[in-house]
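Participant: Here's the letter readout for the chains.
Protein chains: 2
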Amino acid sequence: MTTTSAVTATRRTVRAYHEARFRGDVATAAAQIGGSFSFRSPFIASTSPTGHLDGLDGLLGIVTGVELISELYGEAEAILVYDVHTAPAVGITQHTAEHFRLHDGRITSIALIFDSAPWQAIMSAAGPARDEAAPAV
Amino acid sequence: MTTTSAVTATRRTVRAYHEARFRGDVATAAAQIGGSFSFRSPFIASTSPTGHLDGLDGLLGIVTGVELISELYGEAEAILVYDVHTAPAVGITQHTAEHFRLHDGRITSIALIFDSAPWQAIMSAAGPARDEAAPAV
Chain A
166 MTTTSAVTAT RRTVRAYHEA RFRGDVATAA AQIGGSFSFR SPFIASTSPT
216 GHLDGLDGLL GIVTGVELIS ELYGEAEAIL VYDVHTAPAV GITQHTAEHF
266 RLHDGRITSI ALIFDSAPWQ AIMSAAGPAR DEAAPAV
Chain B
166 MTTTSAVTAT RRTVRAYHEA RFRGDVATAA AQIGGSFSFR SPFIASTSPT
216 GHLDGLDGLL GIVTGVELIS ELYGEAEAIL VYDVHTAPAV GITQHTAEHF
266 RLHDGRITSI ALIFDSAPWQ AIMSAAGPAR DEAAPAV
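Chains A and B, in that order, are what the protein sequence lines are.
Mapping of the first sequence onto our numbering: position 90 corresponds to residue 255, and the numbering continues sequentially without gaps.
Mapping of the second sequence onto our numbering: position 91 corresponds to residue 256, and the numbering continues sequentially without gaps.
Check each hint, because a few of them may be wrong.
Label pairs and their in silico Cβ distance ranges [what the hints assert, rightly or not]:
hint : chain 1 : residue 1 : chain 2 : residue 2 : range
1    : A       : G199      : B       : A290      : 33 to 43 Å
2    : A       : L225      : B       : L233      : 26 to 36 Å
3    : A       : G199      : B       : E232      : 36 to 46 Å
4    : B       : G223      : A       : G226      : 35 to 45 Å
5    : A       : S203      : B       : A192      : 19 to 29 Å
6    : A       : D190      : B       : A181      : 36 to 46 Å
7    : B       : A286      : A       : D219      : 23 to 33 Å
8    : B       : A286      : A       : S201      : 30 to 40 Å
9    : A       : A196      : B       : G216      : 44 to 54 Å
10   : A       : S289      : B       : A254      : 24 to 34 Å
11   : A       : R188      : B       : G223      : 40 to 50 Å
12   : A       : L225      : B       : A210      : 23 to 33 Å
13   : A       : A286      : B       : D222      : 23 to 33 Å
Here are some, though not all, of the chain A residues that point toward chain B, as calculated from beta-carbon distances under 7 Å [what the hints assert, rightly or not]:
hint : residue
14   : P207
15   : S235
16   : L237
17   : G239
18   : E242
19   : I244
20   : V246
21   : A254
22   : T258
23   : Q259
24   : H260
25   : A262
26   : S274
27   : I278
28   : D280
If you only want the chain B side, here are some residues facing chain A, beta carbon under 10 Å, derived [claimed, not checked]:
hint : residue
29   : R205
30   : P207
31   : I234
32   : Y238
33   : E242
34   : I244
35   : H260
36   : I278
37   : D280
38   : W284
Hint data in this document are derived by calculation from the structure and do not stem from the laboratory.
For every residue, glycine included, the Cβ atom is placed at its ideal position computed from N, Cα and C.
Go ahead and model the full structure; you've got the sequences and the hints to work with.
Facilitator: Following this line, the structure appears as structure tokens:
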């Protein structure tokens, strides 16, 4: 595989994952993930292909839009930068970066970086029952 | 300028900025920044070329190492992902993403993304006097 086609394949897999995730299509998102996988965000560490997608419906219920700011691709990795806009009652614009590593055309790790402080303020105001809503962000 | 040389120029400028910043060389870091510039992080919004570097010495006093995880470059933008390791007394490993936009070989915007919650916990424990230490992260 040439460098260019490897980069193109990376882009195809990562975009398929990203778009599936934000339309709530867990099956298609999970289909982009390799046999060995790890996920890390401020709220979650998971090695299951779909563990980090648990509660996705709850998240999507408050997300009003995802604005892709930047997407850069390499042969075996990618980084997306995007803003997640939420409903006025939540009032958070989550500036997000997502770093992917890939092997053989499948995603083997995701590191999600965002500021959890606004979510933690909401969760502590709402009490323990809200803790389940935020982790899938 | 060809695409390849534009990407090479982006890499040169961004790496020069990144390395200068973490060795405390404000003059060299600022020299990579264009006439029009904006910076945003969880703690700072600034349009001055060096406003976001105020307090850099305080930050570097607690940083023990910077581990570059990923660097991806385009013709007019770049994203770095890195971990900032801090002294045991601070105990934070800051997973960081930094998105740069460039024009004519100079940096015109930086968006720094990281989880501010651990810093806010330290600041609230230490009281208002500590507020000056964290923003330059």
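Participant: For each hint, tell me whether it holds in the structure or not.
Facilitator: Hints, one by one, checked against the model:
no.	hint	verdict
1	G199(A) / A290(B): 33 to 43 Å	41 Å, holds
2	L225(A) / L233(B): 26 to 36 Å	33 Å, holds
3	G199(A) / E232(B): 36 to 46 Å	24 Å, violated
4	G223(B) / G226(A): 35 to 45 Å	41 Å, holds
5	S203(A) / A192(B): 19 to 29 Å	40 Å, violated
6	D190(A) / A181(B): 36 to 46 Å	42 Å, holds
7	A286(B) / D219(A): 23 to 33 Å	26 Å, holds
8	A286(B) / S201(A): 30 to 40 Å	33 Å, holds
9	A196(A) / G216(B): 44 to 54 Å	46 Å, holds
10	S289(A) / A254(B): 24 to 34 Å	26 Å, holds
11	R188(A) / G223(B): 40 to 50 Å	44 Å, holds
12	L225(A) / A210(B): 23 to 33 Å	29 Å, holds
13	A286(A) / D222(B): 23 to 33 Å	30 Å, holds
14	P207	5 Å, holds
15	S235	6 Å, holds
16	L237	4 Å, holds
17	G239	6 Å, holds
18	E242	6 Å, holds
19	I244	4 Å, holds
20	V246	5 Å, holds
21	A254	22 Å, violated
22	T258	11 Å, violated
23	Q259	9 Å, violated
24	H260	5 Å, holds
25	A262	3 Å, holds
26	S274	10 Å, violated
27	I278	5 Å, holds
28	D280	5 Å, holds
29	R205	8 Å, holds
30	P207	5 Å, holds
31	I234	7 Å, holds
32	Y238	7 Å, holds
33	E242	6 Å, holds
34	I244	4 Å, holds
35	H260	5 Å, holds
36	I278	5 Å, holds
37	D280	5 Å, holds
38	W284	9 Å, holds
When held up to the earlier numbered hints, the structure conflicts with 3, 5, 21, 22, 23, 26 and fits the remainder.
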